[in-house]
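Q: Chain by chain, the residues:
Protein chains: 2
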Amino acid sequence: MATEADPKAALINVSELAAQLPEEGQKKVALKVPKGTRDYGPEQTAVREHVLGKVIACFKQHGAQAIDTPVFELKDVLTGKYGEDSKLIYDLKDQGGEILSLRYDLTVPFARYVAMSKISTIKRYHIAKVYRRDNPAMTRGRYREFYQCDFDIAGAYDPMLPDAECVKLVTEILTSLELGEFVVKINHRKILDGIFEICGVPAESFRCICSSVDKLDKSPWEEVRTEMINEKHLDPAAADAIGEFVKIKGTSEEVLNILKANEAVMKNANTKEGVENIELLVKYCNLMGVDPKHVSFDLSLARGLDYYTGVIYEAILLARQKDKLVGVGSIAGGGRYDTLVGMFDPKGRHVPCVGVSIGVEPQKGLTEERLKILGQLWDAGINSEHSYKGNAKFLSQLQYCEDQGIPLAIVIGGSEIERGVVKLRNVVTKQEEEISRNDIVSEVTKRLAALAN
Amino acid sequence: MATEADPKAALINVSELAAQLPEEGQKKVALKVPKGTRDYGPEQTAVREHVLGKVIACFKQHGAQAIDTPVFELKDVLTGKYGEDSKLIYDLKDQGGEILSLRYDLTVPFARYVAMSKISTIKRYHIAKVYRRDNPAMTRGRYREFYQCDFDIAGAYDPMLPDAECVKLVTEILTSLELGEFVVKINHRKILDGIFEICGVPAESFRCICSSVDKLDKSPWEEVRTEMINEKHLDPAAADAIGEFVKIKGTSEEVLNILKANEAVMKNANTKEGVENIELLVKYCNLMGVDPKHVSFDLSLARGLDYYTGVIYEAILLARQKDKLVGVGSIAGGGRYDTLVGMFDPKGRHVPCVGVSIGVEPQKGLTEERLKILGQLWDAGINSEHSYKGNAKFLSQLQYCEDQGIPLAIVIGGSEIERGVVKLRNVVTKQEEEISRNDIVSEVTKRLAALAN
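Same order as they appear, the protein sequences are chains A and B.
With our numbering applied, the first sequence corresponds to residues 1248 to 1700, in that order.
With our numbering applied, the second sequence corresponds to residues 1248 to 1700, in that order.
Don't read these hints as lab results, they were simulated from the structure.
Incorrect hints may appear among the rest.
[As the list claims (entries may be wrong)] Pair by pair, the computed Cβ-Cβ distance ranges are: (1) A:1346 / B:1307: 38 to 44 Å; (2) A:1368 / B:1540: 46 to 52 Å; (3) A:1498 / B:1341: 48 to 54 Å.
[What the hints assert, rightly or not] Quick list of in silico lysine-lysine cross-link-like pairs, BS3-like style, CA-CA up to 27 Å: (4) A:1365 / B:1670; (5) B:1677 / A:1594; (6) B:1282 / A:1376; (7) B:1479 / B:1465; (8) A:1376 / B:1307; (9) A:1322 / B:1340; (10) A:1301 / B:1301; (11) B:1340 / A:1334.
Heads up, the beta-carbon is just placed ideally off N, CA and C, and yes, glycines get one too.
Assemble the whole structure, with the sequences as input and the hints as a guide.
A: The structure is reproduced here in structure tokens:
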């Protein structure tokens, strides 16, 4: 299951074969799907429905009701909600009439719905496709059309109760989907804002500096710092001060202790409120039985979108690489957005909201699977390596094998994973055969022995 | 449940109130959904899911598997498939890249999928929204975004076996949905083509004359005849000859007998093949237990789309108006399209297909409901009337009541029907109250008596 909860998060890569066919297929007759999209065949659809069934069961257990909104919205509805990601919005052609755009997520349409229907409390879920002109979509392993499963609680309630429920829900769903290890990173927009204040960032630059921080899951600090200084004209001293803060991550207890010991933090109204919120959130999560190992407090978590106002979180799948658990992709994200409904309501009526969006695709993570297979081969003493690129091109990987004299390639893709097989490819003869996933070590050993003779 | 199986078919009208709110709502903040679309709240979504569950159960009983395709396709994929309806296709803006359009139906994407995946046999279903820039959408009671439930059988099989299964399936679904009386009109593209030949229509005009015939469900023959002669430059004698044929409708037996007694028909290769096909289709339907009252052979049925090549059918819901059953809307349509996959396949590989598309909307037909209520009021001796327009504006209907001194208006909409109530509105005081649907006669009688005093 690869996921696309967030345009900013690293994704588990998709099948290199699948990724290249549409690009290099029969251009003449244009027998292809649009870039960044794909068909779901019967098998994939069945898997997806099975997965969505589990997600829906969790949503319903929390008392959420399904709603549905149009696939496109007036362009104005989406304008000014997504920060730097607004450029990824698909617009419809002006065919004489309204100016429309495809929905970028399910959150903004939900807020528009709440305002338009004059709703003051609702707990809803919505499972539907969203559209992002991410570019280059396929090479980063991202789709331009993908499903999101959103759960949101709208209404004025006691602090952190709905927020904690969202975190709990994410852990329930990820556990139910049996995706392996995961962690929910948490942070708070007011903590980030307060840190920016403390570090001397001008108020009007908060959102754009926040966008820079958001890139820390993909880029090293040095790059982000350069962007802050060169592109966003931040004082280098302020950037360095931010750098000290966003390094801080750990268990909720550890990070809360660090922050509470910091006089500047506790004197700033924003950070103080954020710290108190997180403290309450963590307390409630513990009471609801969320395993503390599933929660990590990470001051570098920023979330890309403009509309968050409070707690933010992001769930990351983990895979064991040698002795370490490493993040292999974001699968869910969300947070509190208390002002979005008010942006739509004609009378500015505010309806505080918090929610979470889960990205579900019927394909098991290929990077994760690749690492598992590698581990087994290494443990069995078989020389093996893989491309360190999340989604290197299929043909260039084979070329590498030829150049290096590597005789055997293991090819995996979504369909192979679903069927519990891998393809063994003889690099020289180009012959492929499918073998059971469970027999990899013995089959590879046998073939290598044969090739050596 | 109103339906939108076919852009050409009359539809049960939707709530006049719902239709006007988006148009006349708060324009200033653009708090609206795009023209011709709407949100589904939790109640409507639950109803829709209940309905779709029944449809899916029928599809699965016939062994169909679900697939899913992108919401947009390369524009070229859709070009040349929809005849005069092509102007209703939504295009995406050219943002630098491929030229894309939203899907207009699920059939063309299915054929593209079959060609692209090199499939030779599949029985699939697909339930998803399709997009049509029908204009003026709301005033004709049509949506621009609506769900279709498609079932198709691709593969070379013995004549009429898959076709008969589709007709049988439609009767199963409509029975399961308890929508009241219905009839499946059948016809055959080759019968139409043969009739055109017999009547002296030039071969290159077959498709455009077929489009004119397709309008007979909405327009009187005289209008269609004028269009054929003035816009499509058909010889008046040919038009008149067509007019004699397209009048023919009745039970399958009746119409088959008329055609088989016609020497010109039986000498024409096309009509002869069509008649033999329909004879076989009817025989198989009877064997599978389709009640003959549910099938009507109607030579005026043409279906708008270019891609049909054989049997065509359309299911119409019926409502009792006085002593007569009258059609109140198309709910399903389909037919055989044997050349569509070949149009996509790079090698022109042909995969014959037949299918049916069911339009399901979670709203009971308002016209139908209106007629039922009127019947009860008349039977109870209460003076009452209604607008003969399928979807007259709410305010103009109230204005009419005022002008005519009609004291009481009954207001119904989707939500009222779902909840088993109607609104009674005092035209003068503008006060409204909800009463149970079952108490209409007694409540109206009581109020009219009170008003008369």
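Q: Would you mind marking each hint as holding or not holding in the structure?
A: Okay, the hints, checked on the actual structure:
1. A:1346 / B:1307: 38 to 44 Å: 41 Å, holds
2. A:1368 / B:1540: 46 to 52 Å: 50 Å, holds
3. A:1498 / B:1341: 48 to 54 Å: With a Cβ separation near 50 Å, residue 1498 of chain A and residue 1341 of chain B satisfy 48 to 54 Å, so the hint holds.
4. A:1365 / B:1670: Measuring from Cα to Cα gives roughly 21 Å; hence the hint holds.
5. B:1677 / A:1594: 26 Å, holds
6. B:1282 / A:1376: Given pair residue 1282 of chain B, residue 1376 of chain A holds - Cα atoms ~20 Å apart, limit 27 Å.
7. B:1479 / B:1465: 19 Å, holds
8. A:1376 / B:1307: 24 Å, holds
9. A:1322 / B:1340: 12 Å, holds
10. A:1301 / B:1301: Holds. Residue 1301 of chain A to residue 1301 of chain B sits at ~21 Å (cutoff 27 Å).
11. B:1340 / A:1334: 13 Å, holds
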